[in-house]
Amino acid sequence: MLDTVLRLTAIAVLLRPMGPWFVQPALLALGAVALISRRWLRRSSLWAAVSLTVAIRIADDWPLADNHIYLLAYWALAIALALRAEDAPAALATTSRWLLGFAFVFAVLWKVVWSPDFLDQRFFRVTLLTDPRFTEVTMLIGGLSAADLAADRAALAPLPHGAELIDPPVIAEPPRLKAFAAISTWGVVVLEAVVAALMLAGSRAARLRHAALLLFCIVTYALAPVAGFGWLLLVMGLAQVDPAHVWLARTYVAVFLAVLFYSEVPWPGLLLDAIR
Amino acid sequence: MRNKPLTAWLALVTALAWALPLDAQVRSTRRREVVHGEEGKAAAVGPRGVAVKGEDGYAAAGRHGAVAKGDEGYAAVGRHGAVAQTEDGYARVGPRGAVVAGEEGYSAVGRHGVVVGHQYESYEAWRAVAGAATVIAVGTMLARPPAAATTVVVSGSSYWYSGGTYYTRVLSNGATAYQVVAPPAGAIIATLPTGCKSVRVGNVAYSQCGTTYYQRVGSGYQVVVLN
Amino acid sequence: MRTRFVPMILLIAVAIGQIVLARAFGLTPWKGGGFGMFATLDHAAFRRVDIVVDAPGRSEALEIPPSLEVDVARAASFPVPWLLARLAEGVAARERRNGRAVERVTLTVWRTAFDRITLRATDQPLRTFVYDVP
Chain U
3 MLDTVLRLTA IAVLLRPMGP WFVQPALLAL GAVALISRRW LRRSSLWAAV
53 SLTVAIRIAD DWPLADNHIY LLAYWALAIA LALRAEDAPA ALATTSRWLL
103 GFAFVFAVLW KVVWSPDFLD QRFFRVTLLT DPRFTEVTML IGGLSAADLA
153 ADRAALAPLP HGAELIDPPV IAEPPRLKAF AAISTWGVVV LEAVVAALML
203 AGSRAARLRH AALLLFCIVT YALAPVAGFG WLLLVMGLAQ VDPAHVWLAR
253 TYVAVFLAVL FYSEVPWPGL LLDAIR
Chain P
510 MRNKPLTAWL ALVTALAWAL PLDAQVRSTR RREVVHGEEG KAAAVGPRGV
560 AVKGEDGYAA AGRHGAVAKG DEGYAAVGRH GAVAQTEDGY ARVGPRGAVV
610 AGEEGYSAVG RHGVVVGHQY ESYEAWRAVA GAATVIAVGT MLARPPAAAT
660 TVVVSGSSYW YSGGTYYTRV LSNGATAYQV VAPPAGAIIA TLPTGCKSVR
710 VGNVAYSQCG TTYYQRVGSG YQVVVLN
Chain L
46 MRTRFVPMIL LIAVAIGQIV LARAFGLTPW KGGGFGMFAT LDHAAFRRVD
96 IVVDAPGRSE ALEIPPSLEV DVARAASFPV PWLLARLAEG VAARERRNGR
146 AVERVTLTVW RTAFDRITLR ATDQPLRTFV YDVP
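Chains as they are written, first to last, in this note's numbering: chain U, 3 to 278; chain P, 510 to 736; chain L, 46 to 179.
Okay, chain U solo, but in the shape it has when bound (with noise of 0.2 angstroms):
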């Protein structure tokens, strides 16, 4: 179980290089050699150079990495450092949930607490009508045709600061595409939720919690283009499977190779032009 954990790992920093030049081939390197080598994959200074060249691409990139970046860098320290334990699978789960759980604490918090514009909606709202990654999603899912879209997306430019339009263009959204973006404000902030909390409760709830990871990924990643952080939450997951359950283990496994069809099948797409 370890050794996947660990090549899944590698293969989601190969799926997805990152970085400039002095970090980019480095990283490439270590996950290949990772793969290549069942000694270095479990080479604690292989993990701890992992993490290592994450956190200067950080650091070069500053303030624009994105949050999975960080939570890799994390994720390899706590391979190397259970690397060097001396039950390295049980560390690794432990510092997995934990990882898990805080991550998940922190999302929640901003989304509930800090956001000013999560809750009443206007997130989803304005991301479905203006982010293009979501065209065919809400089109499919909102029944807007292209040329409604297209005319809402003028209508969400912005004006300059304080200018008002005497005939503003009214905002197409149908009741689906609402009830759409309900559905996900709410679902988002529950699900994400619960992984929190169940990850934090310790080894009781073991079940649920791998339920709860499952599924938030299972939904998230079909309709979310950030497959890297699927990637790695599914592996993080992994780490905290029972050596015995080999049936979920399998079903991390599933779930990582669906995340990878997700993000290269432009299934939205298929789906809406199979409607039309």
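With a straight-line cut-off of 20 angstroms between C-alpha atoms, the simulated SDA-like cross-links for lysine to any residue are:
1) Lys-180/U <-> Arg-165/L
2) Lys-180/U <-> Ala-148/U
3) Lys-706/P <-> Glu-108/L
4) Lys-180/U <-> Ile-162/L
5) Lys-180/U <-> Pro-134/U
6) Lys-706/P <-> Val-733/P
7) Lys-706/P <-> Gln-731/P
8) Lys-180/U <-> Asp-150/U
9) Lys-706/P <-> Ala-137/L
10) Lys-180/U <-> Arg-161/L
Calculated directly from the structure, the hints in this document are not laboratory data.
Based on the hints, put chains P and L in the right spot on chain U.
The following block gives chains P and L in isolation, referenced to the frame of chain U:
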């Protein structure tokens, strides 16, 4: 059929010529004309614009812009810029830039620079894509001009200016409003807007900002009309 | 101290630091390791930077060239003086390289706000920074 603008008539005739067989039905009222033909074809013209519908799609033009839609996709142009979308991708252009997104990836150029990428993994990429945005077209009516607008006086007439756009105060339904107008010749602004390039006409240097020419004068840049 | 606590402590420390920077200094919640992504519309797609250069006989707003795009992204994401100064220095250096006079660079960082009900969008100024070229 009374008081029809010439352009609307020409548009209707053109539409009829390609869209309709000889045995079409015609209905007319004082304010609009509608012609229905076979196989769902139709054309209409009224005070707000013209629309034509044929077998493969439709086209319409009105005071807010124009749109055409066919089997392969659609295109629209209006107060906020232009956009086209087909099966293979999407393109949008405005005064702040342009973006093209297709199956293989995307490229974007605008005030934030040029970005070409295959994956939308990072939000930095989306920033460039979303950067192509508003232009306020001439004729647009505003209840309030931008807060940063400065007053520009040309031959005794006051205008408001901000970010390359000029506004004049008008009355609309009895209330004060501001209408976007073409840059008035002689207007002097302190700072050139973005997107200007230096050109020489004869021996005189100008700054060309879109379709507007500015000449450097003591207190700033003056709108000039070149023949 | 058990070393296995280190990654967790790092995560918490960085996240708390990010919250402080976001709440007090305008860092976009999407960046900085606080896991605020997908929590708010205040992200790079809805922030922009306007650049005006001034010199005797010259005052113009500039489009952002590719060479400065990363500095613009940094300044827009975190509009603090040292990042804005870095961008302004880059603008000034580029103008000088191209033989154009520059004495002052004015940067204005804007953020798009959406109405709660109508979703109407307006740009609001976040910070203005004036850099006098030495």
